[in-house]
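Q: These are the residues of each chain, in order.
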Amino acid sequence: MKRSFKLSKIDCPACADRMEMAVSKLPFVENAEINFLIKKLNIEIAEEHLDETVKEINKAVSRIEPSCKIIS
Amino acid sequence: MRYLSTLDSEQKTLSIRLIIALIMFFIALSLNFNDAVLFLSFFIPYLLVGYDVLFYAFQNILHGQWLDERFLMSIASIGAFALKDYAEAFAVMFFYQLGELFQSIAIGKSRKSIEELLSLAPETATRLINGAEEIIKPEDIHVGDTIIVKPGERVPIDGIVIKGSTSLNTSDITGESAPKDVAKGDIVYSGSINLSGSILLKAQSEYENSTIAKIMNLIENSAGKKSKSEKYITRFARYYTPFVVVSAILLSTIPPLVLNEAFLKWFERALVFLVASCPCALLISIPLSFVKGLGTASKHGILMKGASELEKLSEIDTFIFDKTGTLTEGSFTVSDVHSDNVDKDSILEISAIAESQSTHPIAASLKEAYSKEPDISRLGGIAEHAGKGIQATVDNNEYFIGNTALMELVNADYKECSFPDTIVHMSKGNDYMGHIVISDRIKYKASSTINKLKEKKIKRIIMLSGDRKPVVDATSKAIGIDEYYAELLPTDKVEITERIMQDGNKVAFVGDGINDAPVLTRADVGIAMGTLGSDIAIEAADIVLMDDNLLKLPLALDITRKTMSIVKQNTAFSLVFKALVLLLGAFGQVEMWLAVFADVGVMILAVLNSLRTGNIKTPIQ
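Residue numbers (our numbering), protein chains in the order written: chain D, 1 to 72; chain Y, 1001 to 1621.
Hints were generated in silico from the structure; no laboratory data involved.
Incorrect hints may have been included.
Derived pair list, reagent style BS3-like, types lysine-lysine, alpha-carbon separation capped at 27 Å [said to hold, decoys possible]:
#1 Y/1228 <-> D/39
#2 Y/1150 <-> D/40
#3 Y/1137 <-> D/2
#4 Y/1228 <-> Y/1109
#5 Y/1231 <-> D/69
Based on the sequences and whatever the hints tell you, model everything.
A: Here is the structure:
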């Protein structure tokens, strides 16, 4: 299943690139892609793992940009 | 203060912290304290600007991800404190945060131009059910629903006007500024703004297939796709950071051992080296330039599918045009009827009856020329001769209507026509009756477009057409195109395009999307024009012109070339400058605050330069 999330803050393209790598390394996540300009994260994921993964994504992105999290 | 009001809350807080800390810093500089107080007088403003940087750097060390800019800045500034260089320690943190602020503002500004485009999507629609109005989301509209669009509102869905008339501002989707008048029976496209009267529409598509949804999709995706140079830079950054860190470690250890010099001196140089290396400034200006370029193009009704398409168009040196519908209007009119023995009106009458069932543009022109309603009851059977014409029974007589190949097939003794137009021959059995001359108008901007392309150093311009050679020859002369291929089948067009590409040319193919989708896909850059509502064209093409103004082509070329030249300037400028500072830093010629300042300075210059992408003069009319 494809899902896309809006991220709260990414101010540097290099960080977006690092976040993309970090998210794609998470279990169950496939084809992670961050659209830096519209602050959108697209992933493919099995529905049953969605909730736990959202938490993991928040952790992973906030390690790179502390005030960054999924807002919708 | 007015400046502050344009910032978001995070940016505001940071600005205020920077200002207060800077004042405290100057007070500390002007007063002569002794040791401990002196340290504190710098350390307090330092903490004020940098506490979050220090905190997150520390937190990330615990997470095992210590190698980022915050870590570099923390180490560098703490190192400066250790060396008792308090002012420098403050300056490092100050300039780093100043850079972060500028970066955040610059990114925010360029995001706005994308967000403005995305805000063109209608948010609500008014549906009429049993005489009652109901506000719904555009996504909930079904085909066949009746939708009211009031003055000032945005058309939420593609549809046909069933009641009322108005003028529409279509500039957001076509870039064309003149309002468009519509009345009952006309098709309107979502995304246009209703200027004067209320209209009722019958929805013709679901929202996700509507024009505006397709445009939104295109914009979102175009912002996501990275260009060749962008990919190159990101890959570069992945190797760059580890390289810099290893170099810094070597710099702080090898020379002191080999030269037997003070470790601290080289440690400081290594810190400067690290600080100066920060790559974000370089990385930021490139996507910024592309966004600006894509945004500028969209504003003019030129939709590019992404940064890499933009980059490719800037390198094009050959244009191939489809003739009909692209360089010509594609709307045919009967200009003459030639016959030795039959009167012109009965030729038109019979052809109109025979072609009454066809939707082909040529058939439409025949019906139009007859001007009366053809009497269909006189029509018997119709049979098609593919690629040649038709055979029809009218008043129990057998007529053949088509090209010379059809006349040869039935052994009619036809006459060639000397006119450079489309010729429709006609015979009753094998008895030749005469022919109808049908002409297509050249678009009035066609020749000035070709001239402009030539001025812009496009070295080859070629026209392809399925039409007869005399027609194509006359059209190409009238427009000023030197090279053409006539009497082609759709597959021939692909073959010729491939051959021209094999000669080493970078080829853009321009078509209207009607049966040239394979060529649009095959060419280096496929440009579809006047394609509002045509799915195939939008899918097959790399660049879509929302209206059929040919002058958008040289404009698109200008925008892409300017964008690419700015990208190249920024890359070269940042790389050279970075290399210089790194080198000087390694040999102790640059102080640390200067290294950070240089980084911010380069970023600001590069960002300002990339904002220039939007300033394209547009002499379209």
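Q: With reference to the structure, classify each hint as holding or not holding.
A: We went through each hint and held it up to the structure:
1. Y/1228 <-> D/39: holds (21 Å)
2. Y/1150 <-> D/40: Violated - the C-alpha atoms of residue 40 of chain D and residue 1150 of chain Y are around 33 Å apart, more than 27 Å.
3. Y/1137 <-> D/2: Cα-Cα ~22 Å, so holds.
4. Y/1228 <-> Y/1109: holds (24 Å)
5. Y/1231 <-> D/69: Roughly 25 Å separates the two Cα atoms, so the pair holds.
Comparing the model with each numbered hint stated earlier shows that hint 2 is the single one that does not hold.
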